[in-house]
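> The task is simple: from the sequences and hints, build the whole structure.
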Amino acid sequence: MSRRRALLVYILLSIGMIISVLPFYWMITTALKTPQEAVQFPPTWIPHHFQWSNFAEAMRVAPFGRYFLNTIIIAVFSLAGVLITGILAGFSFAFYEFKGREILFLSFLAVMMVPMPVYIVPGYLILASFGWLDTYLALIIPWTVNVFSIFLLRQHFKSIPTALFEAAIIDGCSPFGFLMKIAVPLVKPAIITVTIFNLISSWNSFIWPLVMTNRDSIRPVQVGLAYFMQEESTNYTLLSAASTIVVIPVIILFFIFQRRIMESYMRTGIKE
Amino acid sequence: MKRIILALFIILTLTGCKKERTNRVVVTFWHAMGGPLGRALDQLIDEFNSMQDSIYVNSISMGNYNALSQKIMASILARKTPTIAQVYESWTTSLARSGAIQPVEDFIKKDSSFKTQLEDFFPVFIRDNTYDSVLYTLPFNKSVTAYFYNVDMFKKKGIDKFPETYTELLEVSKKLTSGDTLATAFSVTVGMFEQLLYAFGGRLLDENRNPVFDSEAGIKALKYLQDMLYKYHVAHLTTGYQHQDEFLAGRVAYVMGTSVSYAFIMRQKPTFTLGMAPMPHEVRKVCFIMGTNIAIFRRSGEKEKRAAWTFIKWFTSPEIQARWALATGYVPVRRSAVNLPEVQKRFKEVPGLKEVWAQLDYAITEPVVPGWFIGRKLLSQLSLEPALRGGMDVEEVLKRGKLEVARALKQE
Amino acid sequence: MREKVLKPYVGVLLLVPAIVILLIFRFYPLLYVLRVSFYKWGMGGPERVVWFKNYLTIFRDNFFYQALGNTLWYVVLVVPLSLFISMFLAILLNNKLRAIGFFRTTYFLPVVTSIVAISIVWKWIYHPELGLANYLLRLLHIPPQNWLAEWRGIFEIISGRKLPVGLKGPSLALFSLVIMSVWKGLGYNIIIYLAGLQNIPRSYYEAALIDGASSPTMFARITWPMLTPTTFYVLIMTTITSFQVFAPVWLMTGPPPGGPLGTTNVLVYSIFDNAFNFSRYGYASALSMILFLFILTLTVIQKKVIEPRVFYE
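Chains as they are written, first to last, in this note's numbering: chain A, 1 to 272; chain B, 1 to 412; chain C, 1 to 313.
Treat the hints with care, since some could be wrong.
Stated by the list, open to error - Computed beta-carbon distance windows for the label pairs:
{"id": "1", "chain 1": "A", "residue 1": "GLN36", "chain 2": "B", "residue 2": "ASP152", "range": "40 to 48 Å"}
{"id": "2", "chain 1": "A", "residue 1": "GLN36", "chain 2": "C", "residue 2": "PRO144", "range": "17 to 25 Å"}
{"id": "3", "chain 1": "A", "residue 1": "ALA80", "chain 2": "C", "residue 2": "LEU23", "range": "41 to 49 Å"}
{"id": "4", "chain 1": "C", "residue 1": "PRO144", "chain 2": "A", "residue 2": "HIS49", "range": "44 to 52 Å"}
{"id": "5", "chain 1": "C", "residue 1": "ILE24", "chain 2": "B", "residue 2": "SER113", "range": "50 to 58 Å"}
{"id": "6", "chain 1": "A", "residue 1": "ILE256", "chain 2": "C", "residue 2": "LEU72", "range": "34 to 42 Å"}
{"id": "7", "chain 1": "C", "residue 1": "LEU130", "chain 2": "A", "residue 2": "ILE192", "range": "37 to 45 Å"}
{"id": "8", "chain 1": "C", "residue 1": "LEU23", "chain 2": "B", "residue 2": "ILE4", "range": "30 to 38 Å"}
Since the hints were derived computationally from the structure, they do not count as laboratory data. C-beta: ideal position from N, C-alpha, C; glycine also.
Set out below in structure tokens:
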């Protein structure tokens, strides 16, 4: 490629990059400004004075520590569920043959086609009848199965020859033993993908916890941030600081696991 | 070592047992009262509990009305309802139609002595608690609307009492506005609009449940508010309770509130003399009732329901109502309560209180009609907000609001 | 007959946990929402069966048509914008240049970031007096706009004249949400396109170059046609997700949300509003069923017609 072309490509991509990154830059710099500087017009591009205290202030005004704790509890337990159900189910679909397997598989597929908003109203009423509203149960249990994860794990399990499994059984190994000692380690990449993807989804989840929770003490981080936005609607520096705090864990995770994350999004077709 | 622990355990359980109301019938009472109002309620409930030993009322606060409504809804679906709960009229229609609550009328029928007591209730409360010609609930914490004003600011402009008509109010407002200080501030609420609507001779709905707030009176009422904001600049818009904060800070001269606001404002220790006045009239004297009622849930056991009825009778008796009202700022639901000595004494201590409570004689409530709470939201969204926040044409937005509210009410 | 080494019942047993959860939380709710849609269902629970009345009411409800119209406008604007911009960027990124991976990463950043944080920043950007958006407009000598509070249609604003009702276009408030959504979703569509581009054999381009073809020609004759399956996929996927928009409306518009004047009210917001602000669970359930049918149709088209042609798994 000619140098001129390359330059053109770089320039265009850079413009796009600036547009992509600008709001983030804006968020972080606003978070570091003093309230007076934030409302200045024309706006300043670099804060005159780095007000780190905004972050501490944000965490003081709303219980973000509590929100983080809630999110972590929800994320960890639902991930545990997803991994357990996903590994077992993926393993089953990959190796076992039984009557009705195809139908079962298709019905799992069918589940993926139902858009999430359809579940909001019935989910609310059903969980209300269980008495689970405003508890961790409503936020964790429905999300302990993720069909995309099942399919991904199935795919990876399929790369292990069935003959290997059969040989192990004949040698006296239990299916569960084979699963844990041989199969699972072999699909580690898929497990990591599933883990990262579900952790990010849990962190970013908004609609479901918005509807299912009422008490501030049980809110996960996005809902907490959302109500914070309603209450401090004109305190831009505080809001930006809070947003930055909420966004950083995922961004860190993203920069470390870029490849995997982009791959998993591509396969699962999920956007929050 | 083990024996000591066992002994301790037994002692603790026994002492704990003493506090257990083992033989009492337990009435669970869900409400949303917190803070000083909640404390006043609990004080009365504690008194009820300690003055007899057959009933124990367990008072549980959900913190706010949103949480309360969600909890009630969930409890019905989970089939674990409380014995009684605080409910809004808008909830009552749904609760009644789904059979979740049992009308208090059932209990009154079996309790002939109470029939005469019913006549002592202010009529507006009987109407307010009647749905489909059945008395479902009884009033619990009711308040009347009133105006609160900064007596000092008024005196400075040579005004020594709060205006009695809305026309006067506008003139007074112009006098009170100078420099940075505006006469008043308000949020966009249906309460604000309906007061004026009725005062100018209009109504929200007619006998056949058709919305008629787009009448001449309605147009006049909404225009009055709009002009205050944009023509005469004597008021500005706020959200939520900001207008009360501004009043406290001395930035506006008067605001609309309820009889409960008095105690709330006084607690903030205002730096000015606080005045309280009844709602102005124009063509008609009118005042709206706010607050909630108390409902009995059908699913509860017969013993529990009877116990709840006993409690409700006690709570709505004149003496208790007088104490409840004086402690909180709610109005007593019994006429005879007003004549009790402690109430008369308070009238002397707090100027304006007597007149504000006197509004109960002609007070009214919002329509007790299914779907009205949707209708009022639409009224606010489609007519009030565009007119007051967007400055749009009053006649147009009221007409639009009427169409949508009519449609919404028909659906119910 | 040889006995299976891998006992089938074990396979079924392994599936039980997943099946139980899916039955309770994925299949049962669908039956439940259908049932509720046939009821008048308020805060007190089911009041009475009304069969199809809820659906009839929806079809006669102005608010429904407004929400439907807004949602359609939203989709019609987001999809092509996102499609073409991401295709363009993907083509640029499909070059073996240094640091190209870095660019790809930054485009994906908005995709992983939570919608809440992004809404906060963009609401600030759209602030009429202090926001970056009006600042940039000012630099370009364009008059400042009300953005999220502007209920006037974009066509009307651009043309500067009063237009008849049908031609006014979506409100600027809705369009502001469109811009933000396109921005957020770019990275995702880019990597889909990259995958599609990488499936085009280099030899095609090499042959074209030998024949002396110019860039536009190569695009029109090779790239665009070979990308057709990918384009269809992106089209359907973006359409399906756009139909479900909710969070930006709840977070950024109003009071009340869905404003100004209901011009950002969308289908999912309508469901939420009816259920949780008005306690009209029956009506909201009927709306949910309608949304479900819309999207199911789209999804079936995507899965049956498009996907087999795009991914060769």
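> Could you run down the list of hints and mark each one as holding or not?
Right, here's what the structure says about each hint:
no., hint, verdict
1, GLN36(A) / ASP152(B): 40 to 48 Å, "34 Å, violated"
2, GLN36(A) / PRO144(C): 17 to 25 Å, "22 Å, holds"
3, ALA80(A) / LEU23(C): 41 to 49 Å, "20 Å, violated"
4, PRO144(C) / HIS49(A): 44 to 52 Å, "28 Å, violated"
5, ILE24(C) / SER113(B): 50 to 58 Å, "52 Å, holds"
6, ILE256(A) / LEU72(C): 34 to 42 Å, "40 Å, holds"
7, LEU130(C) / ILE192(A): 37 to 45 Å, "43 Å, holds"
8, LEU23(C) / ILE4(B): 30 to 38 Å, "52 Å, violated"
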